[in-house]
Amino acid sequence: MPTFSQKLFDEICGKIAEGKSLRKICESEDFPSKTTVMRWLNEKPNLRDQYTRARDEQADTLFEECLDIADQ
Numbered sequence: 804m805p806t807f808s809q810k811l812f813d814e815i816c817g818k819i820a821e822g823k824s825l826r827k828i829c830e831s832e833d834f835p836s837k838t839t840v841m842r843w844l845n846e847k848p849n850l851r852d853q854y855t856r857a858r859d860e861q862a863d864t865l866f867e868e869c870l871d872i873a874d875q
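When we follow the numbering used here, the leftmost residue of the sequence shown carries the number 804, and every step to the right adds one.
Treat the hints with caution; some may be incorrect.
[Stated by the list, open to error] Below, in silico cross-link-like pairs of lysine-lysine (DSS-like), each with a Cα-Cα straight-line distance of 27 Å or less:
id, residue 1, residue 2
1, LYS810, LYS823
2, LYS837, LYS847
3, LYS837, LYS827
4, LYS837, LYS818
5, LYS837, LYS810
6, LYS818, LYS847
7, LYS823, LYS837
8, LYS827, LYS847
9, LYS827, LYS810
10, LYS810, LYS847
11, LYS823, LYS847
Just so you know, the hints here were simulated from the structure itself, not pulled from any lab data.
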């Protein structure tokens, strides 16, 4: 089971903000499982704001991608 590090969590949130799904991110060998990330969120409530902001940015990114596709 991977050990928590803020750097790793920052990287995960960065990828989420770029529009990647947590499921896809966690399929990579370099990242913990989705279950582990969810456990971190439950064990460390201070991470929830960062994760929520990443999800908000993800929604904006995906919306912009949809607009780009529609414009084509």
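Status of the hints after comparison with the structure:
1. A threshold of 27 Å between alpha carbons decides the hint, and for LYS810 with LYS823 the separation of about 18 Å falls inside it, so the pair holds.
2. Distance hint between LYS837 and LYS847 is fulfilled; the C-alpha atoms sit about 15 Å from each other, no more than 27 Å.
3. Note on LYS837 and LYS827: the hinted pairing holds, with a Cα-Cα distance of about 9 Å set against a maximum of 27 Å.
4. Annotation: proposed proximity of LYS837 to LYS818 holds, straight-line Cα distance about 14 Å (limit 27 Å).
5. For the hint linking LYS837 to LYS810, the alpha-carbon distance of about 17 Å falls within 27 Å, and the restraint holds.
6. For the suggested pair LYS818 and LYS847, the alpha carbons sit about 20 Å apart, so the restraint of at most 27 Å is met.
7. About 13 Å separates the Cα atoms of LYS823 and LYS837, which keeps this hinted pair within 27 Å; it holds.
8. With a C-alpha separation of about 22 Å, the suggested pair LYS827 and LYS847 falls inside the 27 Å cut-off, and the hint holds.
9. In summary, the hint linking LYS827 to LYS810 is supported, as the alpha carbons are separated by about 19 Å, within the 27 Å threshold.
10. Taken as a hint, the LYS810 and LYS847 pair is honoured in the structure, with Cα atoms around 15 Å apart against an allowance of 27 Å.
11. As the CA atoms of LYS823 and LYS847 are separated by approximately 22 Å, the hinted pair is consistent with the 27 Å bound.
The structure agrees with every numbered hint stated previously.
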